[in-house]
Amino acid sequence: MRQFWVFVVKEFYHIVRDRRTMLILLGIPVAQILLFGFAITSEVKDVQVAVYDPSRDAVTRQITEQIAASSYFDVVEMLDDASRINDIFKYGRINLVIVFGENFAENLQHTGEAAVQLIADGTEPNQASLIVNYIEGILASYARSAMPAATAPSFTIQPEVKMLYNPQLQSSYYFVPGIMGLILLQICAMMTSIAIVREKETGTMEVLLVSPMKPIYIILSKSVPYLVLSMVNLATILLLSVFVLHVPVAGSLFTLLLLSLVYIFLSLSLGLFISTMVDTQMAAILVSGMGLMMPTMLLSGLIFPIESMPAVLQWVSAVVPARWYVEAMKKIMVQGVGIEYVLTELGILTGMATVLVVLSLKKFNVRLN
Amino acid sequence: MNRVSATGIGKSYGPVKALDDISFDVAPGEIFGIIGPDGAGKTTLFRILTTLLTADAGRASVCGLDVVKEYRAIRCRVGYMPGRFSLYRDLSVEENLRFFASVFNTTVEANYHLVADIYRQLAPFSTRKAAQLSGGMKQKLALCCALIHKPEVLFLDEPTTGVDPVSRKEFWEMLMRLRADGLTILVSTPYMDEASLCDRIALIQSGRFLKIETPRRIVAAYPRKIFAVSSSRMHDLLRDLRAYAPVGTAFSFGAACHVTFAADDCPAALEAYLTARGHSSLRVEEIEPTVEDCFMLLSKTPDDGKRA
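Going down the list, the protein sequences come from chains A and B. Numbering (our numbering) for the first sequence: 1 to 369. Numbering (our numbering) for the second sequence: 1001 to 1308.
Hints were generated in silico from the structure; no laboratory data involved. Incorrect hints may have been included.
Simulated pairs of lysine-lysine, DSS-like, Cα-Cα distance not exceeding 27 angstroms [what the hints assert, rightly or not]:
id: 1; chain 1: A; residue 1: LYS214; chain 2: B; residue 2: LYS1150
id: 2; chain 1: A; residue 1: LYS363; chain 2: A; residue 2: LYS330
id: 3; chain 1: B; residue 1: LYS1069; chain 2: A; residue 2: LYS200
id: 4; chain 1: B; residue 1: LYS1069; chain 2: A; residue 2: LYS362
id: 5; chain 1: A; residue 1: LYS214; chain 2: B; residue 2: LYS1069
id: 6; chain 1: B; residue 1: LYS1169; chain 2: A; residue 2: LYS200
id: 7; chain 1: B; residue 1: LYS1017; chain 2: B; residue 2: LYS1211
id: 8; chain 1: A; residue 1: LYS200; chain 2: A; residue 2: LYS363
id: 9; chain 1: A; residue 1: LYS200; chain 2: B; residue 2: LYS1017
id: 10; chain 1: B; residue 1: LYS1169; chain 2: A; residue 2: LYS363
id: 11; chain 1: B; residue 1: LYS1211; chain 2: A; residue 2: LYS200
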């Protein structure tokens, strides 16, 4: 046992003395959470709007004012020439141009119909359709309030929308679990595999093998420091998301930690498995970088919802550990369900971890050939 | 009983035969040198004996234990210093030593007497990172780490490669002291001058042992007279000597060419021949053959020494 702890302490020295790596390890979660929280967001904010209004009457002015008053939109330019509409998009500052028809108020009053055209920059389709939806909402609510009751249609279907679990539709609710799945995998799998392969590369593994130290101790003591590090990261992410991004932990913290621990364990065993397959740090980085990061980013539901993928990709995503973790974390963090609803995910993650540990112990070479 | 014993060891990497039918025994308290050029198979042999590789053919035992079946027990009883510097560069001298002591279930204090002589030289740098040590210091530290658990057999794979001459000398003095304490040492080296310091040496070439003998006997068995020839134009000398019909073999040894003659004795006409070819300040003297001369003779067919 003393052997084991001395080895763990040595491993901590390696990590602490490599300042740059340590900074990256502790900084990655903070940077990613803040990036996704504040910079990379699917919400619409401060959309730059230009208005072309040839009729210039009371109604169009009122609508324009209402749009400008909304926190989502900044009306930055009033165009006086329709020919400038195309140019203005090319400069890239404007996301939306609103074109009112001629004699807008008059038409509205006499025929009950008036034309307004919304021209949005379609290069970012999601954002464009969100913007258009918002504007349509503003126009509709103006129409309802401005229209005399008599001219209103005799019956309307008025949907009352309620967003469960995430009433404000904040995107951070969606990505925080995903980021956790990504970061924990990154740190556990990549760093553990690199740390073990480094001993092979520098030749120290050769000396360690010709010692009474059991291979399983060598492997386990390599993963303990990264287990500790990922716990620190887990805490950082949770604190940041609760206090900075205001994403609450709706479910039980205990279930969340249990699930994360299983996932961390799984990621560590993935790292061990990778280290038994490759001989250089470069290869370890490539395998864990390309082989793990890409599927995790694309197939875990972090960026694209799994339900809308083609069936084949859905099957493939079933072997991506992060998929199960992210799914369960969303249930616990956002929906606040109890442990009985994530038993499937928990079971799958535990099974994957067991298989990987057994495989890597079998594959671990007690010799060099 | 022999500390190390090998019978018919063979090992191939694909079509390349790294080791072929290697057999030898090492007695307790012996310094056994394995002498040969790079790529001769020295490291492969060491790895087989330290249980890191398995041989394709033959059997070997260390401390009476089989290197395949009883590899675990062997790993507790030998010290191994690989050819490449294999300590933790980001740990200090003292941390490295303490770590390896712990790995072998012992403490620096318990076995300090084993490494005291060597460690005394390292002590002033005990807090320095291993990466910042000089080549000689690195090797001394590696030796300390390989010794700290009181091994019965010490395997040193090219311990002095890339080390300055003074440190090399010191290193060998340490090995002599360790032998006096009863340690059995297997050491490989590409430096022929270190061969004479071993009790017995095996000359290895292309995976085969050419000869196993004491250095003295190997040298004594050299069959011919040998002469050192030097001149003012050393770079042409070897070619001119090899072009000279009475010359048996000629090899460049840095400051001189070592030459043997077909008729055994140096022909009187040699100096005239070389002078005619523009060589001046000629020196020709008979010398004692070195291990390297023997190695050259054993490893080449007689014609080799004449080929340009």
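Within a Cα-Cα threshold of 27 angstroms, do A/LYS214 and B/LYS1150 meet the stated pairing?
Answer holds: A/LYS214 to B/LYS1150 is near 19 angstroms, not above 27 angstroms.
For the pair supplied as a hint, A/LYS200 and A/LYS363, confirm whether the alpha-carbon distance does not exceed 27 angstroms.
15 angstroms, holds
Hint check: B/LYS1211 vs A/LYS200, CA-CA at most 27 angstroms. Holds or violated?
34 angstroms, violated
So if I understand the rule, the pair passes when the alpha-carbon distance is 27 angstroms or less; does B/LYS1169 with A/LYS363 pass?
43 angstroms, violated
Below or equal to 27 angstroms on CA atoms is what counts here, so check B/LYS1069 against A/LYS362.
Distance of about 18 angstroms is within 27 angstroms: holds.
Holds or violated: B/LYS1069 and A/LYS200, Cα atoms, limit 27 angstroms.
24 angstroms, holds
Need the status of pair B/LYS1017, B/LYS1211: alpha-carbon distance at most 27 angstroms?
18 angstroms, holds
Need the status of pair B/LYS1169, A/LYS200: alpha-carbon distance at most 27 angstroms?
31 angstroms, violated
27 angstroms limit on alpha-carbon distance, applied to hinted pair A/LYS363 and A/LYS330:
35 angstroms, violated
Going straight from one Cα to the other, do A/LYS214 and B/LYS1069 come out at no more than 27 angstroms?
Given pair A/LYS214, B/LYS1069 holds - Cα atoms ~16 angstroms apart, limit 27 angstroms.
Given the hint that A/LYS200 pairs with B/LYS1017, does the C-alpha gap stay at or below 27 angstroms?
24 angstroms, holds
The structure fails hints 2, 6, 10, 11 (numbered hints given earlier, in ascending order).
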